[in-house]
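Protein chains: 4
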Amino acid sequence: MAGKGRVKVGIIGSQFEAEIHAASFQMIPDEAEVVAIASPTPGHAKKLADRYGITRVFTDYRQMLAEKDIEMVTIAAPNYLHAQMTIDIAGAGKHVLCEKPLCMTMEEADRMIETCRRKGVLLMYAEELFFTPKYVKAKEMADQGAFGKVYLVKQLEKHFGPHAAWFWDVQKSGGGVFMDMGCHGIAFCYWFLGRPKIESVYCQMATHVHADKTKGEDDAICVLEFASGAVGLIEDSWARRGGMEDRIEVYGEGGVTYANLHMGNALPTYSEYGYGYAVEKAPTTKGWTYPVFEELWNYGFPQEMRHFARCVRGKEQPQATGEDGRLVQEVLYAGYQSAATGAKVQLPFRPDGVKRPIDLWLGAR
Amino acid sequence: MAGKGRVKVGIIGSQFEAEIHAASFQMIPDEAEVVAIASPTPGHAKKLADRYGITRVFTDYRQMLAEKDIEMVTIAAPNYLHAQMTIDIAGAGKHVLCEKPLCMTMEEADRMIETCRRKGVLLMYAEELFFTPKYVKAKEMADQGAFGKVYLVKQLEKHFGPHAAWFWDVQKSGGGVFMDMGCHGIAFCYWFLGRPKIESVYCQMATHVHADKTKGEDDAICVLEFASGAVGLIEDSWARRGGMEDRIEVYGEGGVTYANLHMGNALPTYSEYGYGYAVEKAPTTKGWTYPVFEELWNYGFPQEMRHFARCVRGKEQPQATGEDGRLVQEVLYAGYQSAATGAKVQLPFRPDGVKRPIDLWLGAR
Amino acid sequence: MAGKGRVKVGIIGSQFEAEIHAASFQMIPDEAEVVAIASPTPGHAKKLADRYGITRVFTDYRQMLAEKDIEMVTIAAPNYLHAQMTIDIAGAGKHVLCEKPLCMTMEEADRMIETCRRKGVLLMYAEELFFTPKYVKAKEMADQGAFGKVYLVKQLEKHFGPHAAWFWDVQKSGGGVFMDMGCHGIAFCYWFLGRPKIESVYCQMATHVHADKTKGEDDAICVLEFASGAVGLIEDSWARRGGMEDRIEVYGEGGVTYANLHMGNALPTYSEYGYGYAVEKAPTTKGWTYPVFEELWNYGFPQEMRHFARCVRGKEQPQATGEDGRLVQEVLYAGYQSAATGAKVQLPFRPDGVKRPIDLWLGAR
Amino acid sequence: MAGKGRVKVGIIGSQFEAEIHAASFQMIPDEAEVVAIASPTPGHAKKLADRYGITRVFTDYRQMLAEKDIEMVTIAAPNYLHAQMTIDIAGAGKHVLCEKPLCMTMEEADRMIETCRRKGVLLMYAEELFFTPKYVKAKEMADQGAFGKVYLVKQLEKHFGPHAAWFWDVQKSGGGVFMDMGCHGIAFCYWFLGRPKIESVYCQMATHVHADKTKGEDDAICVLEFASGAVGLIEDSWARRGGMEDRIEVYGEGGVTYANLHMGNALPTYSEYGYGYAVEKAPTTKGWTYPVFEELWNYGFPQEMRHFARCVRGKEQPQATGEDGRLVQEVLYAGYQSAATGAKVQLPFRPDGVKRPIDLWLGAR
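Chains as they are written, first to last, in numbering that gives the first Met the number 0: chain C, 0 to 364; chain S, 0 to 364; chain P, 0 to 364; chain U, 0 to 364.
In short, the hints are calculated from the structure, not lab data.
Note that the coordinates shown come from a computational prediction; the quantities given were computed from them, not determined experimentally.
Treat the hints loosely; a few may be bogus.
[To be verified] Straight-line Cα separation of at most 27 Å, DSSO-like style, residue types lysine-lysine; simulated pairs:
| id | chain 1 | residue 1 | chain 2 | residue 2 |
| --- | --- | --- | --- | --- |
| 1 | S | K214 | S | K354 |
| 2 | S | K212 | U | K285 |
| 3 | U | K153 | P | K285 |
| 4 | C | K214 | C | K280 |
| 5 | P | K118 | P | K214 |
| 6 | U | K196 | C | K214 |
| 7 | U | K214 | C | K148 |
| 8 | P | K118 | P | K314 |
| 9 | P | K148 | S | K214 |
| 10 | P | K153 | P | K280 |
| 11 | U | K67 | U | K3 |
| 12 | S | K153 | P | K280 |
| 13 | U | K148 | C | K280 |
| 14 | P | K285 | C | K212 |
| 15 | U | K3 | P | K314 |
| 16 | S | K153 | C | K3 |
| 17 | P | K118 | P | K67 |
With the sequences and hints as input, model every part of the structure.
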């Protein structure tokens with residue numbers, strides 16, 4: 000499957016993440032175009048397709064996979080479906096771009112990687128933080144020696160709850176906010192530090208606010224120890240009011256940097272009347288707000304999609320792979336185990352027959 | 000000249016602005032490509048061309064104009080050359096993208112506009128602030144009614160001196176910092192408010208720091224009165240230490256917003272060792288700094304070039320034209336006159352036979 | 000009048016400013032105590048007195064002046080009453096602390112100064128910005144040479160309208176926001192730069208939002224030229240939404256500093272439920288707000304009162320005097336004249352027989 | 000010991016902390032005065048005494064304790080001396096104000112408390128964060144219900160190393176940065192949340208940068224679990240470049256607030272030439288810096304001293320006591336134990352016969 004011209008893309012999903020995919024591909028018309036969407040709820044995919052001028056719509060993604068010209072399929076579906084979808088996509092000879100977290104179990108992760116390898120397709124892992132321009136700048140400075148040896152990297156991501164109902168159902172999500180957003184922080188620290196071995200994981204978890212909606216944790220603190228001696232500190236919350244917050248801090252023996260994607264880029268604004276849009280998950284546009292500009296671009300989504308489209312064309316090598324996703328998955332398991340036991344968990348950590356990361360924590364409560 | 004595919008671009012110039020053009024076009028490969036550069040100093044154009052993989056290099060831009068495939072030529076040359084170059088480019092049947100300010104005299108502005116009209120080519124005026132994403136967001140909010148009636152718009156742009164020596168020579172530049180950067184603020188306020196008639200101009204100017212280098216003013220404050228009753232307040236300086244500063248404030252009866260392209264986007268950073276690059280005109284990368292990320296994109300240059308390339312293809316209508324540039328030029332003249340007299344100057348203002356805007360001020364000192 | 004122990008203070012007024020006086024003296028119990036309040040509206044003074052444990056209350060300030068033990072009287076009354084009150088207080092042999100602006104006319108200013116001189120009492124001018132700790136730090140750095148020669152000082156003060164109804168009535172206030180708050184900016188720039196001669200004044204004024212309430216301007220921009228070559232840029236508004244804003248910027252050939260008393264000190268806060276108090280003139284405590292801490296202290300009021308009390312005891316020399324107030328008054332007149340003519344006005348400027356500064360502007364509209 | 004007038008204070012110590020005491024008492028002349036200083040190194044105390052106009056100087060603090068008029072003695076000496084000094088001071092019938100952390104061992108803490116109780120003197124614990132005005136504002140908002148139920152409180156304090164050499168010597172300090180500054184964070188979270196029972200402690204510690212100087216940790220992360228379900232997250236570092244950093248974050252189900260004592264109050268400043276003083280532990284005053292204003296006041300030191308002086312006079316009840324210090328001490332022990340074991344440690348935690356908190360960690364390495 001050599002391929003030329005724009006990469007033809009199919010999207011599985013029709014909600015928040017699927018729209019991000021559609022919008023992001025639209026911003027890189029030289030590299031790719033979305034030609035089809037599949038989503039089981041009739042009408043949902045159609046609406047999204049109409050908004051983005053996408054002509055082919057399916058309720059069964061397997062039908063979409065029969066479309067010959069599609070070269071890459073992105074998965075923006077609930078976590079528990081990722082593995083089967085990946086295997087089906089690979090089976091159809093198409094490249095896979097799977098949203099985070101990669102899947103539910105370590106066995107699934109293994110099977111996804113192995114199947115894609117066997118079928119000769121790429122398994123790409125959608126970690127947009129590797130492409131967030133402000134964070135990329137921080138990493139560039141670190142790699143240029145600005146901070147000397149980096150000993151602490153922090154990433155924090157907080158808002159007041161997920162954008163789709165299935166996240167609250169741990170059967171479908173596999174966990175709470177640590178599963179949903181902790182995966183970003185784990186991947187980020189690992190990537191920022193140059194992928195050193197992760198030695199241990201400690202997690203503090205609680206359901207402070209949303210116990211009426213979910214068994215999952217809505218707040219998590221995670222400490223990673225790397226073989227290099229560096230430490231990662233990750234905070235995630237579904238209990239933080241006032242809209243989205245995503246920021247990092249980097250501490251080295253020779254310096255420090257702070258990057259905030261929200262308050263740190265925003266236009267501090269007061270409005271009596273409100274306006275169109277402030278920021279992801281903002282409760283209002285009236286009063287004081289922190290609107291952002293070109294939100295998708297500042298998160299790095301179009302850059303991420305450009306990269307993956309170029310990988311399909313062989314112009315670049317995937318910077319976020321199934322292997323990255325599998326490692327993150329292992330850390331998620333270790334994290335829930337740690338929250339259950341109150342002790343740091345050493346890696347490698349491969350508990351047998353655990354269906355979801357969160358089961359390790361829920362079982363112990 | 001219908002044209003298809005990528006717009007073929009030639010650049011006149013080889014320094015700071017020319018490089019911004021080259022780099023910006025490189026970021027929009029789907030819309031345009033730079034195929035040639037012309038610059039009189041042998042070697043200069045060659046170096047830039049090599050950095051950006053541009054194959055054709057000329058020391059005389061008129062030779063470049065003979066290249067048949069070139070459809071658009073950008074002018075990144077000293078101000079005093081803009082008019083003749085524009086007329087030559089139009090004469091060659093190519094579209095013109097002229098850097099700010101448009102030219103030296105009102106008569107030149109008229110001739111540039113008239114020639115391009117006659118030759119059927121576009122005269123586009125390179126005001127990137129119309130494309131600066133953070134400022135575009137501010138305008139969107141204003142247009143959505145966030146602030147009710149806007150009564151005051153401010154734009155400020157300051158650093159410690161221009162990037163090329165010819166700016167210091169008022170024979171070549173036509174003025175000091177008000178000519179160099181005030182043109183941004185004038186255009187910005189006018190555009191932000193929806194292009195209401197400008198009624199009067201007041202300017203405060205002085206050469207506080209760089210009198211050894213230039214007869215031009217290195218600091219300027221400008222007040223614009225619009226027919227709508229709104230006021231514009233513009234500040235420009237070549238005497239501000241610590242790197243580039245560019246920010247706006249918008250005040251309406253129903254709200255307010257602040258947008259800062261530098262400190263307001265930056266990663267506050269401390270480094271003992273330094274790193275690659277902080278921000279335009281930063282004195283150092285050691286100690287505390289305010290590095291920006293994706294600087295060209297955050298200024299709006301690639302977005303501007305995309306727009307102009309699409310205008311050439313007839314996909315969009317120019318948002319910044321020779322007429323805009325001419326109006327800015329008139330305000331520049333009025334500003335220097337005001338600084339000379341200490342009184343606001345009403346528009347229209349068309350002094351006869353004045354060779355450079357700054358002459359109105361220098362003559363009065 | 001030697002005096003020992005705590006300075007005994009009487010306050011004229013019972014509203015916003017009078018309360019600031021009472022609260023500020025309460026914070027410096029080692030230097031002064033408020034023993035009496037006078038306010039014409041029965042009940043008003045009593046309420047304030049009760050809140051601050053002040054035992055003597057008068058409806059006629061002249062009765063208060065008969066109290067032998069009172070050594071200093073502060074004037075927190077409408078501007079048009081300042082002169083007569085000052086003369087009465089001085090006549091009673093007590094020191095005067097007069098709120099800004101000093102008075103209505105230049106003749107009044109002369110008389111106030113002359114009377115206090117003759118009576119041997121201090122005429123102190125309540126410019127708290129000379130005591131604002133954050134601004135004092137900026138001045139210290141400037142005086143230590145941090146910025147080399149300072150060429151531009153800016154002060155800005157904005158909110159959505161005054162705290163008492165008499166401000167809207169130009170008969171009582173003498174002017175709009177420039178009279179109310181421009182006096183701060185004028186005094187500040189003058190003081191910051193070391194009291195160089197003021198050579199000229201330019202003003203831009205308009206009534207953008209509150210024309211239904213006042214004939215006074217609700218927005219003003221003012222440019223001062225100093226004999227040193229430095230420039231002052233002052234902005235004031237009663238038309239800025241979202242609470243109080245007070246900030247300065249200082250530009251020198253060797254550096255720059257920014258000090259913001261509000262957003263720049265605040266605790267960025269989001270609250271669904273609201274809380275006690277955010278900041279002067281804040282519209283709400285719900286949603287995002289910028290609450291400040293120890294507001295009076297951060298404005299410098301208790302420090303100011305301590306200074307003036309110590310002046311009464313001869314421990315310090317007044318840093319803000321009637322002469323300062325008179326100069327500010329002259330600049331106010333020049334400012335309104337400039338707004339009327341659209342031209343900068345040279346100092347000295349002593350128009351004869353003008354009853355209020357704003358008359359110069361209103362007469363010309 | 001009823002006492003009237005200003006509380007007479009003696010200080011033990013002559014370095015950084017002792018100077019803070021002297022300067023702070025000087026700011027509250029109505030409540031207290033420092034009359035004596037004791038410090039073993041001849042000359043040290045004298046120099047400090049001269050700077051602050053203190054007349055009595057001792058090399059042996061026991062001699063100072065013989066001074067009849069001294070009513071309160073503050074301890075600004077290395078940690079390992081706190082207990083004996085406290086007992087001696089109490090033995091002399093004087094009130095004790097002991098710097099943080101309270102002491103070395105739990106047994107010492109018990110003895111200090113018991114002795115002061117028996118002798119009828121106050122044992123006050125110098126935790127200035129209870130008086131930091133910006134943090135007090137955060138607590139006021141929380142107590143007013145701004146955030147609903149608070150589930151997470153964070154406090155972070157970082158710089159590049161302590162101000163006196165004895166901190167590096169764990170024999171004298173009892174631990175590294177967690178002992179030195181973690182005690183602030185522990186006390187802060189506990190106080191902010193209304194002193195709920197602390198249930199467990201988890202700590203991550205490492206010596207990233209200063210292993211050549213100390214066996215102590217130079218970076219620590221600590222997670223506290225409270226009986227209320229709330230969590231405390233504390234970060235401390237001696238390895239952070241660029242000057243002092245002290246900030247908090249508060250997350251509740253109904254809101255959030257951020258308070259930063261340094262960047263969040265500072266005047267962002269650029270200076271080519273430098274100036275007097277930027278902030279505690281700043282490496283330079285050249286280039287970009289974040290100078291603070293009225294630093295002691297913004298940390299809360301004079302407010303703290305005022306409170307303690309008033310406690311001595313019976314006007315207030317101590318808000319920070321030996322019992323607070325003992326609890327912090329217990330958490331310090333638990334923290335080092337946790338860092339050693341990699342597991343959270345439940346309170347109460349009273350290991351027998353451990354001479355210093357850090358021994359629990361060092362023994363395990």
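Okay, the hints, checked on the actual structure:
A C-alpha spacing of about 15 Å is found between K214/S and K354/S, which places the hinted pair at or below 27 Å, so the restraint holds. Taken as a hint, the K212/S and K285/U pair is honoured in the structure, with Cα atoms around 25 Å apart against an allowance of 27 Å. Between K153/U and K285/P, the direct Cα distance comes to roughly 22 Å. Compliance with the 27 Å bound is thereby established for this hinted pair. With a CA separation close to 22 Å, the supplied pair K214/C and K280/C stays within the 27 Å bound.
Taking the CA atoms of K118/P and K214/P, the gap is near 38 Å; set against the 27 Å cutoff, the hint is violated. Taken as a hint, the K196/U and K214/C pair is honoured in the structure, with Cα atoms around 26 Å apart against an allowance of 27 Å. Restraint check for K214/U and K148/C: the C-alpha separation of about 20 Å stays at or below 27 Å, so the hint holds. Taking the CA atoms of K118/P and K314/P, the gap is near 20 Å; set against the 27 Å cutoff, the hint holds.
Between the alpha carbons of K148/P and K214/S the distance comes to roughly 19 Å, so the proposed pair stays at or under 27 Å and holds. The suggested pairing of K153/P with K280/P holds, with an alpha-carbon distance near 22 Å, which does not exceed 27 Å. Taken as a hint, the K67/U and K3/U pair is honoured in the structure, with Cα atoms around 14 Å apart against an allowance of 27 Å. Taken as a hint, the K153/S and K280/P pair is honoured in the structure, with Cα atoms around 23 Å apart against an allowance of 27 Å.
For the proposed pair K148/U and K280/C, the alpha carbon gap of about 21 Å is at most 27 Å, so the pair holds. Only pairs whose Cα atoms come within 27 Å are accepted, and K285/P paired with K212/C is accepted, the gap being roughly 25 Å. Distance check on the hinted pair: K3/U and K314/P sit about 25 Å apart at the alpha-carbon level, within 27 Å; holds. For the given pair, K153/S sits about 49 Å from K3/C by alpha-carbon distance, which is inconsistent with the 27 Å threshold.
Between K118/P and K67/P, the direct Cα distance comes to roughly 16 Å. Compliance with the 27 Å bound is thereby established for this hinted pair.
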